[in-house]
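Please take these sequences and the hints and turn them into a complete structure.
If you read the sequences in order, they're chains R and G.
Mapping of the first sequence onto the working numbering: residues 5 to 401, in sequence order.
Mapping of the second sequence onto the working numbering: residues 3 to 150, in sequence order.
Treat the hints loosely; a few may be bogus.
[Said to hold, decoys possible] Below, computed lysine-lysine pairings styled on BS3-like, alpha-carbon distance capped at 25 Å: (1) G/K88 <-> G/K145; (2) R/K188 <-> R/K174; (3) R/K7 <-> R/K205; (4) G/K4 <-> G/K88; (5) R/K324 <-> R/K205; (6) G/K115 <-> R/K50; (7) R/K208 <-> R/K232; (8) G/K88 <-> G/K115; (9) R/K50 <-> G/K71; (10) G/K71 <-> R/K324; (11) G/K4 <-> R/K50; (12) R/K270 <-> R/K174.
[Claimed, not checked] These stretches of chain R come out as covered by chain G in the derived footprint (C-beta under 8 Å, 3 or more residues): (13) 62-68; (14) 340-346.
[Claimed, not checked] Partner residues aside, some chain R positions facing chain G, computed with beta carbon under 8 Å: (15) N44; (16) V150; (17) R214.
To be clear, the hints were calculated from the coordinates, so they are not data collected in a lab.
The beta carbon of each residue, even a glycine, is placed where N, CA and C say it ideally should be.
As a plain string of letters, each chain reads:
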Amino acid sequence: MPKVIVPLGPQHPALKEPGNFTLMLEGEEIVDAALRLGYNHRGIEKAAESRNFIQAMYLIERVCGICSHAHATCYVTNVENICGLELPRRAQAIRVITGELERIHSHLLWLGVAAHEIGFDTLFMYSWRDREYIMDALETLSGNRVHYSINTIGGVRRDIGKEQIEDILKKLDLVESRTNYYIKLATQEPTLHARTMGVGKLPKEEALKRDACGPLLRASGVARDVRKDDPYLLYGELDFKVITSDACDVFGRVYVRVFEILESVKILRQVLNNMPQGPVSVKMPPKVPAGESVTRYEAPRGEDIHYVKTDGGVNPSRVKLRAPTLANFESVAYMLKGDQLADAPLIIAAIDPCFSCTDRMAVVDKLSGQSQIETFKDLRLKSIEHYKRKGIDFSKL
Amino acid sequence: MKSIREQVAAWARTASPWIIHFNSGSCNGCDIETVAALTPRFDVERFGIVQHGTPRHADVLIVTGAISKQQKDRLVRIYNQMAAPKFVVALGACACGGGVLQGCYGVLGGADKIIPVDLYVPGCPPRPEALIDGIVKLLSGIKGVENA
Ligand code: SF4
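See the structure below:
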């Protein structure tokens, strides 16, 4: 059978950063996959060196529009460590609240995107509608829907009031009941099972070998979560479970994420009902001493690691960050091998989806040298058709 | 006064503008808000707006993010593939003029450095309402309504 090379990307709705996958096909089966990154390279790390510490915080926050709080918290924690600041407990609690709300909104967003990839648009609309409750909660808390900028060096910018706490608790009840519905759907809906079970297999050993992290790793049966393994903020005192699944496939990733929403709700209730009293920030020293620091943070997509080095000047002298998606890309190439082309959008979406762009791909038939441009949409429709022929159809739901 | 033909053309153009969304180096904040605008809470389909995958079928190009060096040529290519009449919306502070990413070595600046822009929606990111407001203004502009 002739081998066909399919470049996927760089514009791809299932990728956070526009990336480029080159898939080698034999018939419908993917026999090899290679990856190229860097389309979204802006030079933020370098730019942070020419901003002062506060400005750099706002810049680092804008690395990503979904895990903005994760990046900002990771960075400020580093600066606070270097300054030797002790964070007030109320500030820590507010950071936990923002972080967990962010996790819920990110997981709901992911659920919608994954549902869209398999052609289940009703679920996409449902989960994005429910996500709006969380966005409202984040907005009342911080004043913004996406880049909350709640952090400042030495604490948080805003305190949380009694009405806000009640408001958030009410929204959590809503989200919890909706999540239970999604759990029912995920565990009982046969069409969903047919599209996700056995797709994008990543066995435990392979996941560990490839340094996967976050929900992807937990869906391969490894209970690794920075919040448990190396507690930061208040996580050491909170009661929550690390959700894992032994399914090692896309279904496992759905399972882990929906149950994590419930765990986040649990964490939020604990924190909101027992808010520590006291100030929300301490004063930042006028001069940041020379030093260096590394921080880990469990972002919605996995472990986020930041490194900051200072030399006593007004700017950080080096900022380095490793986002979880980068760690997970290695596994994607593995998971794609041996799967169907029709499943490629879902497998890529399963690690870390983001609706960032509209995509085009070119199918180049090596033997005939013919090239044909296909959009991502065509690929998605193709995958839906492919499964319709097998009797799996969401349009009737 | 416009001729009947112009009026019909304007009506046809504004009844269902199809948008294509291009991430030219954004942080995703703007992209997510664009998608949020399509979902039930905001629902831009009320105005006949549908997001579409191919530039050849789209009328409105929504650019999010400061233009990164890697994405510049691709943006131009997508713009050239769109059939006239075409409109460009720069969504977010980054696309309007570089925003917080100004001066990064991988960034060229706002979208108007590369392609002509018809409408700027500022904000970091703009709320979905701002996007809806922007598109409705664009449509009224096409219709020829003053100060909509
Ligand atoms: S304007 Fe703000 S939200 Fe939009 S891409 Fe730029 S940094 Fe991200």
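Contradicted hints - numbers only: Numbers 5, 11, 14 and 17, in rising order.
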